[in-house]
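On the provided structure of chain A, position chains B and C as indicated by the hints.
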Amino acid sequence: MSALATSGTVAAGGYNFAYLDEQTKRMIRRAILKAIAIPGYQVPFASREMPMPYGWGTGGVQVTAAILGASDRLKVIDQGADDTTNAVSIRKFFEKTSGVETTTHTAEATIIQTRHRIPEKTLTADQVLVYQVPIPEPLRFLEPRETETRVMHALEDYGLMHVKLYEDIATHGHIATTYAYPVKVEDRYVMDPSPTPKFDNPKMNDCAALQLFGAGREKRIYALPPHTKVVSLDFDDHPFEPTKFDHACALCGATHTYLDEVITDDAGGRMFVCSDTDHCEERRAEGHRGALLGEAPAAIAGAAE
Amino acid sequence: MTNAMTDAPLLTAEAVTKFYGARIGCRDVGFELYPGEVLAVVGESGSGKSTLLKLLSGQLAPSDGRVLYRMRDGVTRDILTLSEAERRFLFRTDWGFVHQHAEQGLRMGVSAGANVGERLMAVGWRHYGKIRTEAETWLERVEIDAGRIDERPTAYSGGMRQRLQIARNLVTAPRLVFMDEPTGGLDVSVQARLLDLVRGLVADLGLAAIVVTHDLAVARLLSHRILVMKDGRAIETGLTDQVLDDPREPYTQLLVSSILQP
Amino acid sequence: MYVAVKGGERAIDNAHRLLAHARRGDPSVPEVAPAQIREQLALAVDRVMTEGSLYDRDLAAIAIKQARGDLVEAAFLVRAFRTTLPRFGATDPIDTAAMQVARRVSATFKDIPGGQVLGPTFDYTHRLIDFLLEAGADIAEPARVAADPVAMPRVTDLLGADDLIERNPPGDPDAPVPDLTREPLDLPAGRDLRLQNLARGDEGFLLALGYSTQRGFGRTHPFAGEIRLGEVELEFVAEDVGFAVPLGEITVTECQMVNQFKGSATEPPRFTRGYGLAFGHCERKTMGMALVDRALRAAELGEEVKAPAQDEEFVLMHSDNVQATGFVEHLKLPHYVDFQAELGLIRQMRAEIAARAAARSPDGTTLQEAAE
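Order-wise, the sequence lines are chains A, B and C.
The working numbering applies: residue 3 is where the first sequence begins, and numbers increase by one.
The working numbering applies: residue 571 is where the second sequence begins, and numbers increase by one.
The working numbering applies: residue 1386 is where the third sequence begins, and numbers increase by one.
For reference, chain A alone in the conformation it holds in the complex:
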């Protein structure tokens, strides 16, 4: 986060460093500071029209642009992978507009912009995780009105949230929310963790890295400062349970990672592989071997093969 040091730098292409003008970056940084000061509270900000569509990461891109400095190393992931099309597109955007170094290695990155996943490797105090958020309001699907949800947050009027969980248990016998699983931050604000799988929820709690959330279309920024208490909503007798997989990663043999199901043929063949591609490749480089490592198509096994 050495953005201040680079103010006014002009990158190739005639646009300001990291695309946004410095005035706009200051405005966004003010919103970020406010968000850090009130963990879990959604701060309205004057989201700009970006040269990429709303809903495709404009909030995350603006947050990253506002905090990015020339000495940062940026990693961009979508669905846990560095090479998904939109991750590639956003990484190229910052390469072009800021010229900063990019990386696929979680440990080397100072800023990680993500959509839908938190990296498997434990993040450190030197890192910032920037989430792309489509709908920042955890109460939105229970109460569509912004005017009402803002009052509900202000008054900590969250009974409705548990009504939803109650209904899940009454209908299915367990809580049937698998992603965008709502959390309570520092015993105060109910927050949407963005559509990450609930598997990732425990990683948000007491995380050493700063976590920033940007919603461009909905014009909101919120934050979790390092080591913030983040608790997934539940009932005493139906406690929160992260997703567990019955399989190990077919490539690296990991047993405690989030897995993608890959359909390998049209006869029911499938394999489960780590969604965090960097993590999987590192494990293989360290000599871990999954059951199908030798057999997997090169396209799935990726660069490490």
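Since the hints were made in silico from the structure, they are not lab data.
Keep in mind that the hints are not guaranteed to be accurate.
Said to hold, decoys possible - Partial chain B-side listing against chain A, Cβ under 8 Å, derived:
no., residue
1, Arg-658
2, Val-680
3, Ser-681
4, Gly-683
5, Ala-684
6, Gly-687
7, Glu-688
8, Ala-692
9, Arg-696
10, His-697
11, Tyr-698
12, Ile-701
13, Asp-720
Source: prediction; values computed, not measured.
Quick reminder that beta carbons are idealized off the backbone N, C-alpha and C, glycines included.
Quick look at chains B and C alone, frame taken from chain A:
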């Protein structure tokens, strides 16, 4: 039925007045309501009784006068000075509001159990089993088969919906319940059963209630005291039996004669 | 599927090359120039300028070419360009009463000072495909008359002189001009912000909402008081000069709806207003906008708010087609992490239901007992 009353009034209306532009909504209405007491507000439509109910429950600000409420901590507060947070808290703990149309007081998209449990969860209950047990208890108290706890109110009859709405309101043991034409729109036979149930619950729980109704039979059955409204003013007030058996005001006499006489 | 994702970077580059190729179409057909779009697809240009919130005919024409004629995409391109431009300030309000009128119609009075001017309109054309256009026929010169110096007061001003229509609130030259593109929308919004939002709003959305009010979903009893199209002068007061500097002229369409209003306890009966304004010639847009503007004033005028077009949050939050298309189209992005989570849940719930069904079946009696 008056044994639950204590010395201090629970709710006091002082010269409550509401203008809509130049039109009078209600004017100079004053009374005291004691714990465990049921007050019926009667009058024809347009007499100002619904406006009065909104004023008393803090949903509308009076143009003049004030409404005082003795909170659970014993402190009497002007409800207009309550913050939105305090007002909402009152509404999910110490107060209930039974709407004429159950659909306005229920969440039609979630189960009966969740409807009853919502207030408990709002005040911090976090044990599913206990919430459910409490909801079952309340469904049975309002004569709904606990086996139908997972059904949505859309599957219920009109009378059942109204009883569910009552259970949803009473689950946090409020001390005061506002009722707006609670039997309006129900069949006569269903009305009788509901009135019986409400009378029993009010007596058992020592509830205070303010019941707005145009039906003097409802007032007779439920209330201790009655307040007759006409053109926004309270024109006659007194013990229900006394007023209905021996009305002093010509308008009340007219009301009584037109409705109660065979 | 997975292969394409792995080759993400190369795939994107190739897709862009293919897009450029497809945009050009058959190379034996002459390439269209932005100037041709600007001159011959002028209404498309006007819509893109309006929804892109930037008055620049040439830029809009390039955007339309780049977007292969997709006008929402073109408006998006214009918006993304606009957001990088510096802001010097706000011009003085334009005076549509002083408009150089090219078209002006009123549905409320048969004759009005300055007269009715049909101008270039589709209104009374027969919608028969004109096959002469295929060959490119010569176009007859338009009829010309000497410029008429007679004033064309706005119809609403004529009504206003008799106090038959609500007065527009007086403008406050010192009040700050809100800017939707610089501040997040805060609800409830004032009418100025609402109009700003509607002016950028999607033509189709406003058309449908306006139509819904006519069919009874928030009826406003509208009359098209006046629709006028023409050029207006733009002036800007520069701080260091101290007086208004003319910046040039722009073409705008203005629609003033006149709506019935029965009055209330405090207000005598008089007509009320709905207002629409757009860059260029955007008649349908301004009419829809004026209907929706009036519908959104329901609460202010003491009317019951129950139809979608009267619901400020609903209308303002969903009017922007650049936002809408982004979020609808983002469903194309990979969601397989979420989908995997849902897949696991569906499998789990199906297994639970199958187990319960097995427990209920006659030969599963012991199972049921064990479960209890």
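Results for each hint:
Contact between Arg-658 (chain B) and chain A, as hinted, is supported at the beta carbon level, the nearest pair being about 6 Å apart and thus within 8 Å. The interface hint given for Val-680 (chain B) holds, since its Cβ lies 5 Å from the closest Cβ of chain A, which is under the 8 Å cut-off. Here the hint on Ser-681 (chain B) is kept, as its CB sits about 6 Å from the closest CB of chain A, short of 8 Å. With a least beta-carbon distance of about 6 Å to chain A, the hint placing Gly-683 (chain B) at the interface is held under the 8 Å criterion.
Checking Ala-684 (chain B) against chain A by beta carbon gives a least distance of about 5 Å; that is within 8 Å, so the hint holds. Against a cut-off of 8 Å between C-beta atoms, the interface hint on Gly-687 (chain B) holds, since the closest Cβ of chain A lies about 6 Å away. At its closest, the beta carbon of Glu-688 (chain B) sits 5 Å from a beta carbon of chain A; the interface hint therefore holds under the 8 Å criterion. The beta carbon of Ala-692 (chain B) is positioned within 8 Å of a beta carbon in chain A (closest approach about 3 Å), and the interface hint is therefore held.
Interface restraint check: Arg-696 (chain B) against chain A, minimum CB-CB distance 5 Å, threshold 8 Å, status holds. A cut of 8 Å between beta carbons decides the hint on His-697 (chain B): the least distance to chain A is about 5 Å, and the hint holds. Nearest Cβ of chain A to the Cβ of Tyr-698 (chain B): about 4 Å, under the 8 Å cut. The hint holds. The criterion of a C-beta within 8 Å of any C-beta in chain A is met by Ile-701 (chain B), whose closest approach is roughly 7 Å, and the hint holds.
The beta carbon of Asp-720 (chain B) comes within 5 Å of a beta carbon in chain A, closer than 8 Å, and the hint placing it at the interface holds.
In the structure shown, no violation is registered for any of the earlier numbered hints.
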